[in-house]
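Asks: So you can see what is in the structure, the chains are spelled out below.
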Amino acid sequence: MKIRIGHLYPDYLNIYADRGNIAVLARRARLRGHELEVAAVSLGDELDPAAHDLLYVGGGQDREQALIAPDLAAKGAAIEEAVADGAAVLAVCGGYQLLGRGYRGLEGSDMPGVGLFPHETVAGDRRMIGDVLLECELEPGSKRTLAGFENHVGRTRLDPGAEPLGRVVAGFGNDGESGAEGCRVGRAVGTYLHGPLLPRNPWLADWLLAQALAHASGGDPPELEPLDDVLEARAHNVSARRAHGRGGRF
Amino acid sequence: MSARLAVESLAARAAARLSRLAGTGGGTTLPGKLLWKLDPGAIDALAARLPQGAVAVSATNGKTTTTAMVAEILGPGTKLAWNRSGANLVSGVASTLLDVRDAELGLLEVDEAALPEVARRVRPRALLLGNLFRDQLDRYGELEHVADGWRTMVAGMGSEAILVVNGDDPQVGDLGRDRGSTVVYGLDDPRHARAAMQHAADSRYCIRCGHPYDFAAAYVGHLGDYSCPSCGHSRPELRVAARAIELNGLESASFELVTPAGSIRVALRLPGLYNVYNAVGAAALAQTLGASLEEIRAGLDRFGAAFGRFERIASGDKTILVLLIKNPAGANEVVRTLEDGGAPQVLLIALNDAIADGKDVSWIWDIDLEPLLDSTEHLIATGDRAAELGLRCVYGGLPESSLELEDDLERALDRGLELTPPGGELVVLPTYTAMLALQRIVTERGLTRPYWESKA
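These protein sequences, in sequence, are chains C and D.
In terms of the working numbering, the first sequence opens at residue 1 and continues consecutively.
In terms of the working numbering, the second sequence opens at residue 251 and continues consecutively.
Looking at chain D on its own, in the form it has when it is part of the complex (with noise of 0.2 Å):
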C-alpha cells in the first residue's frame, strides 16, 4: 500500500470508529465516504490489491440476498470483502475494501445507477446482473437511463472478465449477446409462470423493434421466456437454469439446478420464485469462481436469509415476519408468495418516503396488492405516507372497517401484535427505512441483534 492511501485509509477507519461511538449507526459508509472525498482513485488501488480480485453483483431487485448466497456458497475457506450491510454505492464499496484488510475476494453488491462507475474502478473479475425494473424513478430517472449505462459499461469490459446474465430480462439477456465469456441463467418451468403479465412488468416490447413480445411463460413482472413475433429477438439459450421447481408456501422452495458441470437438487429455506431467481444467480456465479455443484448446493441449503429481506422474529408467544417491499415488481413477489403461504389476517404496512425508500410513493398503485385486501381482517397502515397507503388500499377494495392508521411504527406493532392471535404471525411489510426503523424497535426490545455486531 502506497504511504498516502495508508494515511487515508487510517483516518477513514478512525471515522467509522467514531461513529460507532457515537452512537449514530453502523458507521457503514462514513469511512467511504471519506476515503472518497480524499482520494476518489484510492478505490482503484484498494481492490488492485485483492489477490482472488473482485465480483460484483447488481440488479434493482434481489441483488443482497444474491450477494449473500453468493458467500454462503464460498464458506469461511474464502476470506471476503463483502458489504453485507447493503451499503451499496460507491461509498459503501470503498467502506468494505478498507475494512477488510486480509481479505482474498471482493463481494461486492452494487447499486444499479452506481454499477458502471464501480465496474470502471474495481474491475470485476466477474459481473451478475440480475434484472432491470422500474424503481425509484425519482432516484434513477428511467429504466433506459440505467439499461444504457449497463450496455456503455458491459462494452468497455475486458474480454477476460465474465458477465453472468439473467437472460430472463430482455434487456439484461441482451447485453451478453455476441460476447465471450458470458454466463446466461434463468428459469425453465412453465408450470410457474403468471397467468397474465402484471401490471408492473416493464420490458414488455422488443428491444430491437419495438413490437410487443410473445411470453411463452412470465414468471416475475416480464422475466421468463420471450420471443418478438415480428423480428425474431428472443430469449438467449439458458446455461445454468432452474427446472422442477416446487414452492412450498412461506416456508420454501425447492428445484433441480441444471448446468453445464451436471443436475443437482437443490432446497432453499426461502419462499417464493424470486428467491429461485436469486439461487440460481448465485450458482451460476459461484460456479465460474470454481465452486463445485456440492459446495453450491450445501451453501444454499445453509443459506437463511439477508438483512431484512425476511426475518421471522419472535416476540412472546407470536411471530412477527418481516418482508422488505420497495418497487412493484418485489413488492408484487412477496404478495404473491403470501397468497401461497395463505393470507395473513392481520397485515402492517410501513410506508416511508425517504431518499432510499423513493420520495415518490405513487408506486404503491403498481403493486397487484388486490388479493391480500380481499383476505385481510385487520390491515394497519403505517409510516410517512399511512394515509397514501391507506388510501391505496381502500381504493384497491379493502373495508372501511378494515383499515386503522397510525402514524408511529412502534406504536403500530404493539397494535398488530394485539389483534394477532396467540400462536399468531404478524405480516410485515416495510419499505426500507421502515424496515431500518423496525430493526431498531425489536432491537431496543432484545429480540435481535444490529446486523453490524452479527457475524456470519
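Next up, chain C with everything else stripped away, as it sits in the complex (with noise of 0.2 Å):
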C-alpha cells in the first residue's frame, strides 16, 4: 500500500537528522511491502488534509522556526482536520513547540502556534541539554522506551489532563521539573527528542506506520512483520545507558 506522507517545511525545519527520520520510515515501510511518497509541504503551499496519511514536522534554529511559523500557524485549520480523520503527525521539537497554542520568548520574540497540541511553551533562563530516555505507553499495557538527545530552552507545560507522550526516566523532558515528555493526541505524537530518534527507537517507526497506514486503509493499524533490529537494540542500548549516566538535571 501507498503511504503518504507530507513534509511540512523540510529546507527550513531541518536541523538534525529529520531527513533520518523520514530514511526509516521509508526503509522499514519497504522492508514490508508498502511504498512511502513523501511531498514536501513548505511555506505558501496549500496543506490539503485529505492528501497525507502522516505529516512530519522537524526542528529548525531559531531564525528558521521565526521565519515559517505564520506560515504553520495558518495552516491549523487543516492539521487539526487531517489528525481529526485519523492522519498520523510526528512533530519534532521546534515543530513540537509550534503545534502547541504557541511560544513565548525572550524581548517579544513570540511565535504563533497551530493549538493541535494542548500546551504552551516559554522561553526559560537555562537550555536544557542533553541524553533522555523516556517511558511510554501509546498501546495500553504495552510499556516501551524512547532514548534520545533533547536541546531547547523552550519550557513547555501541559494542560491539565493532557497525555504526555512519555514519563521521563532521564533527562529533563517537556520543562525539566514535570515529568512528562511530549503530547499526544490521537495518531499525533510531538517530542523534544531530536535527532536520529526512529532509527534507534524502531518501535516508535513502526507505530507511527502502522497509523498510517489504518488512515490509508480506512480500517485499523495492521500488525507490521517483525524486522530483526539487532542494530537498533545497540544503538538504543547505548543511547539509554548514556541519559542513566549523563542524562540532563537541574
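Reference listing, derived: stretches of chain C covered by chain D, where coverage requires no fewer than 3 residues with Cβ under 8 Å from a Cβ of chain D:
1) 14–28
2) 59–66
3) 194–208
4) 227–234
Keep in mind the hints are simulated off the structure, nothing from the lab.
Glycine included, C-beta positions come from ideal geometry on N, C-alpha and C.
Reassemble the complex: the two chains are provided individually, in unrelated frames, and hints are given to aid placement.
Replies: Laid out in C-alpha cells, this is it:
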C-alpha cells in the first residue's frame, strides 16, 4: 500500500537528522512491501487535509522557526482536520512547540502556534541539553522506552489532563520538572527528542507506520511483520545507558 | 612583568611539567587553566607584552589548518606564541602566551564561542573570521547565538584592528560591511560550484529579510556567491580571491591568488576546495601582516598539514590516511574529496560522543555520506557510538554484508589494515577524541611522534 507523507518545511526545519527519521520510515515501509511517498509542503503551499497519511514537522534553529511560524499557524485548521480524520503526525522539537498554542520568547520574540497539542511553551533561562530516556505506553499494557537527545530552551507546559508521549526516566523532558515529555493527541505525537529518534527507536517508527496505514486503508492499524533490529537494539541500549549516566538535570 | 604575574606564571608552568611527567598528556591547557583561575586578567597582561601584538583566527571549520598555514608563511623569521596543538579555549590561549616567553607575535586559533572573550582580553591587531556552520549544538547552542556574539565583538573592536572576513559566508561577510580596515576574501571560480545546495547548508536565507538567497555559485555548504532577489543583500566585493582552481583528487590543489598587490599561482600539498578556502584566508591575513606574495606562495607550498586533519601514516606496506570529521559541513568536504580521489574500498569511521566530539551524535545524519556508501566494499564502524553509525550507513543504503561493527578502535584499525590490500590505503575518518586515540595507537607502534614533541 502507498503511504503518503507530508513533510512540512523540509527546507527550513531540518536541524538534525530529520531526514534520518524519514529514511527510517521509508526503509521499514519498503521491507513490509509498502511504498512511502514524501511530498514537501513549504512556505506558501496549500495543505490539503486529506492528501497525507502522516505529517512530519521537524526542528529548526530559532531564525528558521520564526520565518515559518506564521505560515504554519495559518495551516492550523487543515492540520487539525487531518488529525481529526485519523492522519498520523510526528512533530519534533521546534515543530512540537509550534503545534501547541504558541511560543513566548524573550524580548517579544513570540511565535503563533497551531493549537493541535494542548500546551504552551515559554523560553526559560537555562537550556535543557542532554541524553534522555522515556517510558511510553502508547498502547495500553505495552510499555516501551524511547532513547534520544534533547536541546531546547523552551519549557512546555501541558494543560491539565493532557496526555504526554512518555514519562521521563532520565533527562529533562517538557519543562525539566513535571516528569512529562512530549504530547499525544490521537495519532499525533510530538516530542523534544530530536536527532535520529526513529533509527534507535524502531518501535515508534512502526507504530507511526501502522497509524498511517490505518488512515490510508480506512481500517485498523495493522500488525507489521517484525524485523530483526539487532543494530537498532544496540544503538538504543548505548543511548539509554548515556541517558542514565549523563542525562540532564537541574 | 609584574611580580604577581611572574609568580603565577611560574606556578602554572610547573604544573605543565608535572602533567607531562605524570604522562597524562601534553599538558597543553593545564597551566592556562590554573592561571585563568588565579587571575583572569593575567591573559591581558601576557598579550600586552608581545612586541608585535597578536592575531586571531576563528571559524567553525578550518581554523587549525588556516592558523598553521599563517605560521608557515610567516616562517622562522618571526618568533610566535602559537597554540599549534589546537587548545583553542581561553585556557589554551593563556597557556600559549605563558609558554613562549620571548615571542614577538601571538598567533592564536580561537574557538568560535570563546572568541569574544579572547578578543576582549588579547585585543588582536588582526582577526580572521572564516565561516559559521551548525556544529555541536549541544555545546555552542544555535548558530545564530555564536553569530550574535561575533557581531557584538566586532562592534566593540577599535578601528585600527583589521578584520579579515570570508565574504562567501553571508553571516561572516556582513560583519565587515560599512567598516573600514576590512579585507574580504572568497572564491571566484564557479566551475567548482556544487550542482545542488547541500543538506547541511545553514545560512540559506537572507540575513536581512529572510527571503531565500539566489546562489550564482555554492562552493562549500552555504559558502558562495549569493544575492537576495528581494532586498538585494549580496556578497561583498572580494579583495583577495582564488581563481582558476585546480583540484587534484586526494593529493593536492592549486589556484591563482588574486590580491591588491598582484596575483600569483599557489600550489597546495593538501586536497579539496575547503583547503583552498583555508589558504586564501591565510594569505589574506598574512598580507595584512606584511607578508609578500612570494612569501605567501612559498609558505603555502611548504605547508604539509595541521595536526590530525590530513595525515598519511605508513604501516608496513600499507598506508593509513586520516581525515578528521567533526560536523556535517566539514565531513561533506571530506566525502567530496574522497570521491574525487576515487572512493576508498576500505573505510573506517570512528564516532565518539565525548564533549569534544559533541555528545549529540545526530549530526552524522546530516552528512551526505551516500556517495561513499555506494562504492565501499568494507565499512568498519567503531567508537563509542559504533552501532548508531552503523545504522546511519545501513539506512543510507550500505548493504549490511559490507558493514562490520567493532567497538574497540585498535582492533578496528587492525581489521581495517587486514582488509586493505598490500600497497593499498586504509581511509580513517575519526571524530576528535577518536583522532587523539588513534594518534596514541600509531605512536605506540612507532609510526609517528606525539605532537608536543614535534617541532616546526
